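S.K.: Construct the complete structure from the given sequences, taking the supplied hints into account.
As a plain string of letters, each chain reads:
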Amino acid sequence: MSEIALVGKPNSGKSSLFNLITGLNQKIANYSGATVESKVGAFHSHKIIDLPGLNSLRTVSAEEEISRDQILEYAENKSPIIFVCNGMQLEDNLLLFSEIADLQIPALLLINFKDDLDKNHIKVDQSLLADTIGCPVVMMNSRNGDGVDDLLKAINKKTFSIPNAVCRSLYDEFEGDSLVNKYADRISNFAICDTQLDQDDFFKRQKIIGSIVRNCISTLSNRQNFLASTKKWDRFLLHPVFGIATFLLTMLIIFQAVFYFAGIPMDWIDLGFLKLSEWSRGMLGDSWLGNMVCDGIIPGLGGVLIFIPQIAILFFLLGILEHSGYLSRISFISNRLLSKFGLSGQSVIPLMSSWACTIPAIMSARMINNPRERLAVIMASPLMTCSARLPVYTILIAIMFPGEDSGFFNLQGVLLLGLYLLGVVATLVMAYFVNRRATVESTDLWSLELPVYRIPNWRNVFYNVYLKTKAFVIDAGKVIFVVSMILWFLAGHSPKSESFFEKELATAKMTNPSISMDAVKLEYSYAGYMGKLIEPAIKPLGYDWKMGIAIISSFAAREVFVGSLATIYSVGSDEEDLIKNRLEKEINTETGERRYNNATIISLLLFYAFALQCMSTMAIVRRETNSWKYPLVQFVVMLVLAYVSAFIGYRLFL
Amino acid sequence: MNLNEGERALIISINGSLEFKNFLLSNGIALGSVVTKNYSPSYARLINFTICGKMLSLNKKDFDLLDLVKI
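These protein sequence lines are chains A and B, in that order.
354 is the number that this note's numbering gives to position 354 of the first sequence; each next residue is one higher, with no gaps.
Counting the second sequence from 1 gives a position; this note's numbering is that position plus 1000.
Source of the hints: derived by calculation from the structure; they are not laboratory data.
Honestly, I wouldn't trust all of these hints.
A short list of chain B residues far from chain A (calculated; beta carbon distances all over 12 Å) [said to hold, decoys possible]:
1. 1002
2. 1003
3. 1004
4. 1009
5. 1061
6. 1067
7. 1068
8. 1069
9. 1071
Covered stretches of chain B, as calculated for chain A (at least 3 residues, CB under 8 Å) [said to hold, decoys possible]:
10. 1021-1031
11. 1035-1044
12. 1049-1060
In this text, all values refer to a predicted model and were calculated from it rather than measured experimentally.
Beta carbons: idealized from backbone N, C-alpha and C, even for Gly.
M.R.: Have a look at this one:
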């Protein structure tokens, strides 16, 4: 299977092309020695690799460096690349192409967004361009697949060829009697600065590319009309009042929609797992296997899978923001506000990515040029509300406001938005302190490209939802499966004998006649002892030993909390019920009131808003900062913040 | 020099550090480039302009390091 890399600038439509040609036949991989995601897929008999977009081989950000290093590796191995070029930004894209051409990599130039060129009556003389640059040129539209057959033909015929060099000769040097070219060395070690050479290189490129574009492309001036409608929209969406109001309204609609549209499918999933548990009980009986499946695995997995609708809706809506071009406007709008916290507009995308998952968000902080700002984002982004918090929030909010799910705007959505805003505020405050305290170097150079507004490419949006939801289910599912099994064992087994339980049940019935044998067994199980061990520490927060078990288990991954509670209450009950109903029915034996009252729920919400309960995040922070100091500081600071705020919240609402 | 929205200008000189000049080069901005100013709302401290068909934004203080001549 031949390997072909897709290379191009950001917003060149590279990822659309990748999704189009590989379909769902793709997976996310890491580059060797680095934690930057790359997508690998198959197109007929070819392995396609989607490299992260880069602006120039003269890299600025850590993410671009990874891409540059991969391109240098391709140059060394003479592996072919497809250079994806935004047809409406040909000069700019061809500048990068010329830098790569000087590395003498077998290439194919793909001019994307053919439809935009046609609509604006811009004609490209394909054969003249191919002759001039010295490699084949294919035109297509990655949004609807127009021209994909031409691409397939070109790939199958292996028409890749080494393009004509542009500035390569500037880097020829004599070593003894032989002439050696130092271009690749220079690119791989850009720290060696020679402004005069850089300027000469750039002017020559600019001149040659300008002349190529003038000769091969007609009526390029029509491009101004293409940008006109985007500029009109920007007048409103970047307006000091309407722009900011639109941004806030968009955020409110997103969080309301997460509740409003997810309610019905969530009930179906919950009911489905309840029926599955009943059916399994009927099939497997009251054996140890039956207990393990019905009280351990099924409730544990159900506790996570129930949240697929909400997570998918969140990813879908964030995908629309990204693919429509609006996400970059959010960077633009928020730049000044963020600067008060030592951040800039370029931190917005990593921070908003944290709403999906902190791990890729921390990795995407590589796009930030400023090392100090990057560190601040790495340290603060775990405080943003990631999708793993969503299961915890939604179940607790649903208990707090039962029956409030009728209209589109409801209290559940408002509280959810409030928790997301709390996460944002905490993130900004943390970033501010990191910026003040950190001693790493700082530079505030950055640029932001505002892409043209487009109707989102639905294929890309849905692929994104599918891949990210699948990753959530598989990653969380693996942890939850193991934790559920362990919890089931610990909650279902005890060092005490049956006669002890009977004696305890008789004693307990004197004060609480409705108590069941299962509840007594859970209290004296291994898990019960563990929960009781930490109960003195968590009692001031309003939690009992059962919640203690769920909190301990969720330090591996916070989304385990709901699954753990489902397993614990499933083991401790002799009847099947929905997770929410189980929690609602739980009674505080000391006060006789609901265990999950408003004070406890607020306390739990605050604890989960601030605590760093994700081992994978800590591992990635260590990797990105190359030190254990940062994740440890992060863990301790966030735990203290979580404990103190949960304590205050509990006392205020008691 | 102050450009109004929609005005075009030629970059005739670039002030600032070597790092800044290299940063501009990597963004396709050099002496002789033509820029068209789009918008610079005060709340953002950014200037957005069109160069080579793309709409790029720079910090206002960085943009001010470019010496421009209206065309």
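S.K.: Hint by hint, note whether the structure agrees.
M.R.: Evaluation of the provided hints:
no. : hint      : result
1   : 1002      : holds (19 Å)
2   : 1003      : holds (15 Å)
3   : 1004      : holds (14 Å)
4   : 1009      : holds (16 Å)
5   : 1061      : violated (9 Å)
6   : 1067      : holds (15 Å)
7   : 1068      : holds (17 Å)
8   : 1069      : holds (18 Å)
9   : 1071      : holds (14 Å)
10  : 1021-1031 : holds (count 9)
11  : 1035-1044 : holds (count 6)
12  : 1049-1060 : holds (count 10)
In the structure shown, a violation is registered for the earlier hint numbered 5 alone.
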